[in-house]
Amino acid sequence: MKPAPFAYVRPGTTEDVLAELGRDGAKVLAGGQSLVPVLAMRLGRPSTLVDINAVPELNRMSRTDGHLRVGATVRQRQVQYDDAAAAVPLLRLALPWVGHREIRSRGTVCGSIAHADPSAELPAVASCLDATMVVTSAGGAREISASEFFTGAMSTAVVPEELLTEVRFPVAADGEGFGFGEIARRHGDFALAGVAVRVRTTTAGPEARISCFGISDHPVTRDVSPQLRAALDATGAEPDGSGLGRALRDHAVAIADDVVDTGGDAHASAAYRRQLVAGLVSRHVARAYLKSVRPNREGESS
Amino acid sequence: MSLPNAYARTEADETVDVTMTVNGSEVTMSLPARVTLSDALRDHLGLTGTHVGCEHGICGMCTILVDGQASRACLLFAVQLDGAEIVTVEGLGRQDDLHPLQESFSKHHALQCGFCTPGFLMSSYDLLTHEPDVATDDLPGELSGVLCRCTGYRNIIDAVDEVANAHRAGLPGPGNCAQRTLVGRTPAGAGTSATAEDAQVAVPGHHPDEIALPSGEPTITVDVTSQLESTPEEVAGVFHDIRLLARCLPGAELTDELGDDWYRGRARIALGPVRLSFDGIAHVLEQRDDRLTLKAQGKDTGGGGAQAEIVMTATPSGTGVSLHAEARVFLTGRIASFGRSLAGDVSRRMFEDFARGMDRAAAGAEPDVGAKPPGAVAILFGALSDRARTRYRNLRQRSRDHRRRDGRRPPSRDER
Chain A
16 MKPAPFAYVR
26 PGTTEDVLAE
36 LGRDGAKVLA
46 GGQSLVPVLA
56 MRLGRPSTLV
66 DINAVPELNR
76 MSRTDGHLRV
86 GATVRQRQVQ
96 YDDAAAAVPL
106 LRLALPWVGH
116 REIRSRGTVC
126 GSIAHADPSA
136 ELPAVASCLD
146 ATMVVTSAGG
156 AREISASEFF
166 TGAMSTAVVP
176 EELLTEVRFP
186 VAADGEGFGF
196 GEIARRHGDF
206 ALAGVAVRVR
216 TTTAGPEARI
226 SCFGISDHPV
236 TRDVSPQLRA
246 ALDATGAEPD
256 GSGLGRALRD
266 HAVAIADDVV
276 DTGGDAHASA
286 AYRRQLVAGL
296 VSRHVARAYL
306 KSVRPNREGE
316 SS
Chain B
5 MSLPNAYART
15 EADETVDVTM
25 TVNGSEVTMS
35 LPARVTLSDA
45 LRDHLGLTGT
55 HVGCEHGICG
65 MCTILVDGQA
75 SRACLLFAVQ
85 LDGAEIVTVE
95 GLGRQDDLHP
105 LQESFSKHHA
115 LQCGFCTPGF
125 LMSSYDLLTH
135 EPDVATDDLP
145 GELSGVLCRC
155 TGYRNIIDAV
165 DEVANAHRAG
175 LPGPGNCAQR
185 TLVGRTPAGA
195 GTSATAEDAQ
205 VAVPGHHPDE
215 IALPSGEPTI
225 TVDVTSQLES
235 TPEEVAGVFH
245 DIRLLARCLP
255 GAELTDELGD
265 DWYRGRARIA
275 LGPVRLSFDG
285 IAHVLEQRDD
295 RLTLKAQGKD
305 TGGGGAQAEI
315 VMTATPSGTG
325 VSLHAEARVF
335 LTGRIASFGR
345 SLAGDVSRRM
355 FEDFARGMDR
365 AAAGAEPDVG
375 AKPPGAVAIL
385 FGALSDRART
395 RYRNLRQRSR
405 DHRRRDGRRP
415 PSRDER
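Chain order of the listed sequences is A and B. With my numbering as the guide, the letters of the first sequence map in order to residues 16 to 317. With my numbering as the guide, the letters of the second sequence map in order to residues 5 to 420.
Hint data in this document are derived by calculation from the structure and do not stem from the laboratory. Just so we're clear, the structure is a prediction, and the values are computed from it rather than from any experiment. A couple of the hints might just be wrong.
Claimed, not checked - Below, in silico cross-link-like pairs of lysine to aspartate or glutamate (EDC-like), each with a Cα-Cα straight-line distance of 16 Å or less:
#1 A:Lys42 / B:Glu15
#2 A:Lys42 / A:Asp31
#3 B:Lys111 / B:Asp101
#4 B:Lys299 / B:Asp213
#5 B:Lys111 / B:Glu30
#6 A:Lys17 / B:Asp47
Looking at chain A on its own, in the form it has when it is part of the complex:
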């Protein structure tokens, strides 16, 4: 055993979880796939682990009111294969990139979002879709939009006495196409850079929104509709993927200059990350656009 000693409790209800979280030094244990390594390296020494896996209402996933609602202990692997989750194609595109199968079988969607690693995939998905986080404390529940939720590296708007009980992802509408890609040194490793894309094409024209990750202390979201429209003006109305990607390239370089603000590390300099972001953005915005206008064409964006 490598972690420092901790008290352990596994409440059966959300109320009991919240009561335990009121104690000093208490930490939530859901899937543990990010937390346990931190404990094993003794980077964290919580006095109490509050295991939330015995609470039935936190283990639910449902589709209501145009949202996919994912409870706090729903496993990533369950979401990856559940039919209800197909309504949020971006989640399906992103989940294979989250760790490995062995990690996803325990790791939770909410846990990954609450942990808020800057290079994690799911916070970027939540940001790109502007998902709603439901955060509960003894005083009641509050809803936080993704744009307000991620405040920095492994930092969120959740305070210690609160529990992220649910994330609501908007279900994809007609005319929406998605893209997701990342570059890591090995599959399952932390991303050096990655991007999640949503393009919505209506009679008014296309709108594009990207969330980049691994390049700052939290996911960075931008509306890139003007850039996409400019590229489409250059290629004509019926571009192919590589033609549109090339047309987006110069715009993507400028976007990368804007969003990448990490100082670089031993694995990749900031300049290299900008190159990666420029390539990823042009490729996956192009693919997402094509899917938004030809929804029946099942092109994998990865």
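The hints should help you fit chain B onto chain A, whose structure is shown.
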């Protein structure tokens, strides 16, 4: 996947009780909350097939199945697994009946040092059971959760690919998950339930309701017939004197009579540098003049367990008695890693020594096997020479087969 039950707050210096199913057997442990599943499997249950490398979720050595899905045992605290079903590499196959994945790893030489092999076996089992149609090109990515530093992965991919192609309709399940009793060792200071249970058993009148034998195939089956010079009446005398009977078994010692035909004892076995010391209990189920049936279970201080059902039958034969001993022995933990054939040879030899001791005891003499394990060296040599004889027989048989085949082989070019 069922949810675990709620569990009351337990302070950092206390232990938590957890009950899970490991390779088909239900087991309850009392552990500090910070003990990972990998440590619980290895240190408390003696299941050292699950390896630990980085212990923070990167290397994949400790991959096991939780409710049928591969997970990192180092990223789970054992106390979280209440009610879960765990399968480790020990549950995947048996030495004489390997799982197709194990066969294929062997065939393709998909291991060198073998350290990552349990992880790859469990990860690929999970992959092929959930995605039986996985494409060859996707295997490197799908198996990327486990690291190997010897093979360069090529042979591992080949091994998994062959099994995938052979079992598109469904991979056979784990082949060694029959119910076994996992009597784990409890390290000093890490939980006291086993000790408390032992202490309770030592009180006369306190014993379990019954010894439940595992289902499934025993690790060893012993079937030995020995000719004794003693009369049926003399043998019956020993059958009715459990204290004397115990002294006939080399290395065995009866330490307590618990009443209601329950006994507590110790058995030591020494094989060269190997020292096993079992503490356990026995229950005599049937005690007739010509027949004795008992069940026993014990745990070895080194982290192994044994359970056995033994039936001894005495049949008059000439002027003496033919003593027939049948035993079904179930081994778990470290001792199960002995080759089954060697363990079987040793067990048979012990019963032969036991029969000799019984013959002496029946005649009113000291059984002369004592509490020390005097027969150990002889047992090992006996076992080894048995094996040498078998091997010699096999060799002779093989060379005969060869000659026979030679006679049938088509003429070579020179002969034509």
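Hint check against the structure, violated hint numbers in rising order: Structure breaks hint 5 only.
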